[in-house]
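Each chain is listed here by its residues.
2 protein chains.
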Amino acid sequence: MSRPSRRTDRLSVSILLLLALAFPAAARAQAAKADPLPSWNDTPVKQAIIGFVTRVTTEGGPDFLPVEHRIAVFDNDGTLWQEKPAVQGAFLVERVRELAAKDPSIKQRQPFKAVLEGDVDTLMEGGEKALMELFAATHANMPQEQFQAEVHQFLREARHPKLGVPYTKLAYPPMLELLRYLRDNGFQTWISSGGGIDFMRVFSEELYGIPPQQVIGSSLEEKFEQHGGRDVLWREPRVDHVNDKEGKPVGNDLHIGRSPVFVAGNVRSGGDIAMLSASQQRLGPSFQLLINHDDARREFAYQEKDGASLRAAKEGGWNVVSMRDDWKRVFAY
Amino acid sequence: MSRPSRRTDRLSVSILLLLALAFPAAARAQAAKADPLPSWNDTPVKQAIIGFVTRVTTEGGPDFLPVEHRIAVFDNDGTLWQEKPAVQGAFLVERVRELAAKDPSIKQRQPFKAVLEGDVDTLMEGGEKALMELFAATHANMPQEQFQAEVHQFLREARHPKLGVPYTKLAYPPMLELLRYLRDNGFQTWISSGGGIDFMRVFSEELYGIPPQQVIGSSLEEKFEQHGGRDVLWREPRVDHVNDKEGKPVGNDLHIGRSPVFVAGNVRSGGDIAMLSASQQRLGPSFQLLINHDDARREFAYQEKDGASLRAAKEGGWNVVSMRDDWKRVFAY
Chain Z
1 MSRPSRRTDR LSVSILLLLA LAFPAAARAQ AAKADPLPSW NDTPVKQAII
51 GFVTRVTTEG GPDFLPVEHR IAVFDNDGTL WQEKPAVQGA FLVERVRELA
101 AKDPSIKQRQ PFKAVLEGDV DTLMEGGEKA LMELFAATHA NMPQEQFQAE
151 VHQFLREARH PKLGVPYTKL AYPPMLELLR YLRDNGFQTW ISSGGGIDFM
201 RVFSEELYGI PPQQVIGSSL EEKFEQHGGR DVLWREPRVD HVNDKEGKPV
251 GNDLHIGRSP VFVAGNVRSG GDIAMLSASQ QRLGPSFQLL INHDDARREF
301 AYQEKDGASL RAAKEGGWNV VSMRDDWKRV FAY
Chain Y
334 MSRPSRRTDR LSVSILLLLA LAFPAAARAQ AAKADPLPSW NDTPVKQAII
384 GFVTRVTTEG GPDFLPVEHR IAVFDNDGTL WQEKPAVQGA FLVERVRELA
434 AKDPSIKQRQ PFKAVLEGDV DTLMEGGEKA LMELFAATHA NMPQEQFQAE
484 VHQFLREARH PKLGVPYTKL AYPPMLELLR YLRDNGFQTW ISSGGGIDFM
534 RVFSEELYGI PPQQVIGSSL EEKFEQHGGR DVLWREPRVD HVNDKEGKPV
584 GNDLHIGRSP VFVAGNVRSG GDIAMLSASQ QRLGPSFQLL INHDDARREF
634 AYQEKDGASL RAAKEGGWNV VSMRDDWKRV FAY
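As given, the protein sequences belong to chains Z and Y, one line each in that order. Each residue of the first sequence is one higher than the one before, starting from 1 at the first, in this note's numbering. Each residue of the second sequence is one higher than the one before, starting from 334 at the first, in this note's numbering.
Derived by calculation from the structure, the hints in this document are not laboratory data. Keep in mind it's a predicted model, so treat the numbers as computed, not measured. Beta carbons are placed, not taken as given, at the ideal position from N, Cα and C, and that holds for glycine. Please note that the accuracy of each hint is not assured.
[As the list claims (entries may be wrong)] Computed beta-carbon distance windows for the label pairs: (1) E221(Z) <-> G422(Y): 25 to 33 Å; (2) V575(Y) <-> E68(Z): 44 to 52 Å; (3) G127(Z) <-> G617(Y): 42 to 50 Å; (4) Y302(Z) <-> N474(Y): 37 to 45 Å; (5) F300(Z) <-> G617(Y): 39 to 47 Å; (6) Q481(Y) <-> M124(Z): 39 to 47 Å; (7) A491(Y) <-> Q153(Z): 47 to 55 Å.
Kindly generate the complete structure, drawing on both the sequences and the hints.
In structure tokens form, the structure reads like this:
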């Protein structure tokens, strides 16, 4: 009876190999089953995430979601990477410095003077007009490819002022694991951020595995027109869309066209409340994750002035992440 | 020597089975190799399509494209399905009829009267103001989900005035085969149309296999706000983006964020020239397809007033499809 048994063994190995090759995602998921989220402590939030993903991927179960409905949307600043300082803000300051090096006269002109001197009060007084002037000088009046080349260079050279490492080293490992875990379970992962769509697209694929077509953000108007003898996508100094607060469900609908099922944001400005609560209105299962920056030792502890995000989380029964208690580690560097 | 030989045979079969399971897309492509585009005549256009796809998917070849760069963009009206009449125009007329049935007074009011009487001259005189009034009455001032439910119902009930079949039966089989062929070769297929983004998303997935997040079109402004006691995506009676002519490369950049490699449009209004020529500016290989409606017998023969699309095709060396000569069949019904 040794021969059939050997044959059976060989058959099992072949089938396993076959399965591994045929369904790499499933095989990875299987391998990771011991712990798909190793940087998370074993707290109720982690259990809720795994429970939800298991429910919506269990065929025949009451909450099963066909793969085309598995859309997960993440805020970026403060949700996927640190936001003190906001990286796009640091880019803007750096660009103003470069402009001042080329043309020293702008050191005496507002709102540039205020930026160079870190004079927040004067900037605030300038209001929206000052802000648009800064965006026009640093983000607009150039072809799209030039802008993105400048962002690329900035990300390569710039360092976080306190932590001393490149900004792209400051993504949160627990969230990178969560993105991968969702993708391994058939989710399409998206970013929906108040940050600039063209700014984020420079690094989203390499850093998060999120391709440019799955990034939603604020945008300037663009025109396709002749500049320098050829047609280019020209960045106009006018705001097209502000992807923050009530603008987020609008941006999500424009880009996705179907309601996200898994939505994650963070506490700071209330910017994610609208998209988190919008996702709860869909028929069928949904999951809301809100990250609370309460880890002064490993990151920064900061709160929201009016506490609106945490209040909304309580009312909606959302899952609140305490970075201090729920995460084993905050940064990888 | 019979045993090793049998073993080799078994090994070959196993490897083939393994490959088929491991790479279903490749296996399908292999199976279809005899003829991936059976509804196309064996003319230079078909050969050019297959030659291009083979080149950009040949690993190690000079034109090889990593899968994330394989983006294909198709116009919709006149490229993927018939456009006489424009289906969204037929929807608008039907909606005006329904409004008139509920409120007969609008039969005497312009621009509704002109629509109901098919009085194109009066409509033209009304210009943009009249058009926006019609869009506001039929496409706006309601929640997104209500609008899409109305489109869904229209598509179920309406019939083409001459051909007598539902509009969704009037997609072109050669183009459906092309979409499938590109997807089988790792391309992500997109629509970029002057039509309404939310209109097309109702049928794009079922008809073309193109999910809503890969549809780009014209849009009205939207707001996320309270109506009837809950937050909804509300369609405002104001144009947000016109995805036609120079608006197409802009819409493509906003939604995709990377230059399409394969772009298809059609002759009628010059609406696709900008996105076709924009795709030629990318570094590396690209393919431009322009469909000419020259088949009076099987569809409709129509030309462009100024001939700009065919002229641009000649200058750019684009591939022009003669529906009469290059397609074995035009409709499936």
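Review point. Do the beta carbons of Q481(Y) and M124(Z) sit within 39 to 47 Å of each other?
Key: Since Q481(Y) and M124(Z) have Cβ atoms about 42 Å apart, the given range 39 to 47 Å holds.
**Study point:** Verdict for V575(Y), E68(Z) (Cβ pair) under range 44 to 52 Å
**Key:** Between V575(Y) and E68(Z), where Cβ atoms are some 29 Å apart, the hint is violated.
Review point. Is the distance from the Cβ of F300(Z) to the Cβ of G617(Y) consistent with 39 to 47 Å?
Key: holds, 43 Å
Review point. Do A491(Y) and Q153(Z) keep their Cβ atoms within the hinted range of 47 to 55 Å?
Key: holds, 54 Å
Exercise for review: Go ahead and decide if the range 25 to 33 Å is satisfied by the Cβ distance of E221(Z) to G422(Y).
Suggested key: holds, 28 Å
Review point. Within 37 to 45 Å or not, the Cβ separation of Y302(Z) and N474(Y)?
Key: Given a distance of about 41 Å, which is inside 37 to 45 Å, the answer is holds.
**Study point:** Distance restraint evaluation - G127(Z), G617(Y), Cβ atoms, bounds 42 to 50 Å
**Key:** holds, 45 Å
Checked against the numbered hints listed earlier, the structure breaks hint 2 alone; every other hint is satisfied.
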